[in-house]
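Hey, can you work out the whole structure from these sequences and the hints?
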Amino acid sequence: MFDDRSPIYRQIADQVKADVVSGALDGDEQVMSTNQYAAYYRINPATVAKAFQQLVDEQVLYKKRGIGMFVSPTARDALRARRREHFFSDVVDPMVAEARAVGIPLGEVVARIEHLADQDEQARRAGREDR
Amino acid sequence: MSDRAEDRTWSIARLLLVTHLPFLLLCWAVFAAAVLVVTIGIDLRVTISQSVWDPAASIVRWFALGYGLYFVNRMLPVYVAHGRTRHEFLRSMAVFLLVAAAMVAALLTFGLALESVLYRLMDWPHRIPAERLFDSAGQYPLVFLSYWAMLVIWATIGLLLAAGFYRSEGWELPVILLALAMVMVTGYGIGFNGLPFLGAVVDVADLPLAGSLALCLAGLLPGAAATWALVRDIPIRSRVV
Amino acid sequence: MTLGIEVAGLRLRYRDVTALDDLSFTLPGGRIYGLLGRNGSGKTSLLSVLAGFRKASGGTVLVDGQPVFENPGITRQVCLIRETGDIGDRDERVGEALHTASRLRPGWDGDYADALVDRFEVPRHKKLGELSLGQRSTLGMIFGLAARTPLTLFDESHLGMDAPSRAAFHDELLADFMARPRTIVVSTHLIDELSPLFEEVVIIDAGRLVLQEETEALRARGADVTGPAEAVDRFVAGRTVLRERQLGRTKSAMVYGGLDERHRRQARDAGLDLGPVALQDLFVHLTQPSGGPR
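Chains as they are written, first to last, in the numbering used here: chain A, 13 to 143; chain B, 141 to 381; chain C, 294 to 587.
Hints listed in this document are in silico derivations from the structure and should not be mistaken for laboratory results.
For clarity, every value in this text was computed on a predicted model and none was experimentally measured.
The reader is advised that the hints may include incorrect statements.
[Claimed, not checked] Facing chain A, a subset of chain C residues (Cβ under 8 Å, in silico): (1) Ala-468; (2) Met-471; (3) Glu-492; (4) Pro-569.
[Claimed, not checked] Some, not all, of what chain B presents toward chain C, calculated at C-beta under 7 Å: (5) Arg-154; (6) Met-215; (7) Gly-223; (8) Thr-225; (9) Arg-260; (10) Arg-267; (11) Pro-375; (12) Ile-376; (13) Ser-378; (14) Val-380.
Cβ coordinates follow ideal geometry from the N, Cα and C atoms, glycine included.
Given below as structure tokens:
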């Protein structure tokens with residue numbers, strides 16, 4: 013269900029984008045119609061339409077007239093690229109600020125990250141693919 | 141349902157008639173049985189010297205009043221709640237009242253005729269109260285007209301009282317006064333004394349038929365007009381069941 | 294078939310009370326609207342006038358471009374659901390009340406009404422006066438749906454219905470609205486529960502219009518700014534503040550007017566936390582007796 017405080021259309025759009033990035037929604041796959049979405053979440057179809065419009069503007073979805081809304085084949089890559097762009101300002105910088113706020117030396121943070129990188133390397137060598 | 145006002149009025153009036161006429165017929169049957177029982181009861185004690193049916197029939201006017209009260213108090217709000225206008229209500233009600241009253245009046249006339257037959261067989265005098273417009277059961281048109289007028293007028297009084305009380309805002313007293321005036325005026329006209337404590341001042345037998353009818357209208361029309369004026373923009377209150 | 298509503302300079306006075314005072318707004322049809330207001334704000338009066346239950350004391354009320362009051366072409370297209378007593382008598386049975394509706398309302402869908410009565414388990418044989426409060430409300434909402442009118446108004450019709458019943462009903466309302474678009478206005482106190490259904494909300498207070506806004510846009514307009522008191526004060530200076538709370542040196546201010554990306558970064562940089570504000574909270578502070586937003 014939705015957090016009933018922030019705009020619902022934004023939450024819907026964010027959820028669709030998350031599904032696209034995670035692979036739950038594939039490129040050129042059809043998403044639920046506005047009415048189906050509205051009925052499922054018990055919200056006004058106009059709200060869903062607004063979310064879809066935003067996603068169309070952001071080129072995450074495209075519309076096939078008379079059929080419905082589809083995930084753009086380039087959406088996943090584009091979204092991941094966008095998240096990569098903001099990764100450092102939106103994720104790393106706040107993490108560092110938090111580490112500072114709670115008193116963790118940055119050296120420890122770096123050590124932890126290197127440890128995780130080693131694990132990745134071992135997994136790759138063991139032949140398992142990492143996505 | 142078609143859009144024309146006449147069709148709407150007719151269809152609703154027809155609906156009311158279909159719903160209510162059988163009920164009224166049944167009521168009449170019960171009434172007739174009751175009058176018969178009362179007649180027999182009286183016969184056991186004293187010699188019968190006058191009609192029982194006619195005085196009983198004049199009591200039916202209170203039943204008509206009740207109908208009028210019921211229509212405005214109960215049916216009008218439901219009408220409006222279901223998307224009908226007050227004018228549609230008034231028109232359908234008027235048609236229904238006139239027709240239903242005619243049917244009941246016809247039944248009462250018939251009953252009086254039956255009683256006269258019974259009385260002849262039993263050798264009882266079939267005396268009619270003096271203030272009536274008619275003086276024997278055989279004057280069918282006059283009997284019918286009297287009963288019909290009585291029912292229509294008293295139903296209208298019911299409509300008027302209900303309208304005043306429902307609307308409130310100080311209309312209660314004026315409608316009571318108007319109702320009393322209607323009773324007095326039409327009472328002289330139709331030969332039915334309105335209320336027990338209002339004695340007939342004018343001897344109705346002296347009035348020509350046209351004069352009686354004029355009095356009826358003189359009493360009825362202001363009542364009907366006042367009802368229309370009160371109902372046509374009456375606010376519909378919320379009612380908890 | 295959808296009907297638009299145009300209200301201009303609407304006034305309603307009865308006895309000594311001014312229930313509606315120079316109210317003006319326009320609702321294009323075909324949407325679900327929420328009508329919000331405190332007790333005594335004039336919601337019921339407004340709905341009564343829209344449905345022709347009352348005559349306006351002044352101003353105009355147009356539905357589909359035509360006056361409503363005593364206009365049969367319009368009133369038959371409007372259905373207002375309020376108390377159960379509107380629909381029938383205490384002594385009338387549910388089945389009889391349904392029958393009356395079918396005879397008086399040209400567009401009445403009897404099959405749909407029957408299906409809903411069965412589905413929501415309203416006892417058909419019972420008298421209206423014998424129904425529980427929840428059952429009466431359910432029946433009222435069934436009438437509102439089965440009337441299938443292009444303009445359907447619900448005046449706090451879910452009193453007494455428990456949460457699961459309301460949820461079931463809202464599913465039904467939504468499904469029917471999507472299948473047959475019309476104009477629906479729902480007046481309610483359950484703002485946060487129902488607001489997802491509303492495309493637009495109209496807020497009235499003391500008989501006047503406070504605002505009319507797309508629900509989502511209104512939602513986005515509120516923000517809770519929390520942090521050290523001085524930082525908060527600096528940030529909210531010059532903005533519309535609906536409410537302030539302070540605990541020790543931490544202050545929280547409810548701001549009204551929307552914050553763009555730049556302001557959000559400013560807030561973050563100043564060490565302030567930004568959170569959304571529930572519509573119900575916005576509503577409470579927009580309709581305060583002390584006059585709402587400064």
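For each hint, the structure was consulted:
{"no.": "1", "hint": "Ala-468", "result": "6 Å, holds"}
{"no.": "2", "hint": "Met-471", "result": "5 Å, holds"}
{"no.": "3", "hint": "Glu-492", "result": "4 Å, holds"}
{"no.": "4", "hint": "Pro-569", "result": "4 Å, holds"}
{"no.": "5", "hint": "Arg-154", "result": "10 Å, violated"}
{"no.": "6", "hint": "Met-215", "result": "9 Å, violated"}
{"no.": "7", "hint": "Gly-223", "result": "4 Å, holds"}
{"no.": "8", "hint": "Thr-225", "result": "5 Å, holds"}
{"no.": "9", "hint": "Arg-260", "result": "44 Å, violated"}
{"no.": "10", "hint": "Arg-267", "result": "42 Å, violated"}
{"no.": "11", "hint": "Pro-375", "result": "5 Å, holds"}
{"no.": "12", "hint": "Ile-376", "result": "4 Å, holds"}
{"no.": "13", "hint": "Ser-378", "result": "5 Å, holds"}
{"no.": "14", "hint": "Val-380", "result": "5 Å, holds"}
Of the numbered hints stated above, those contradicted by the structure are hints 5, 6, 9 and 10, listed in ascending order.
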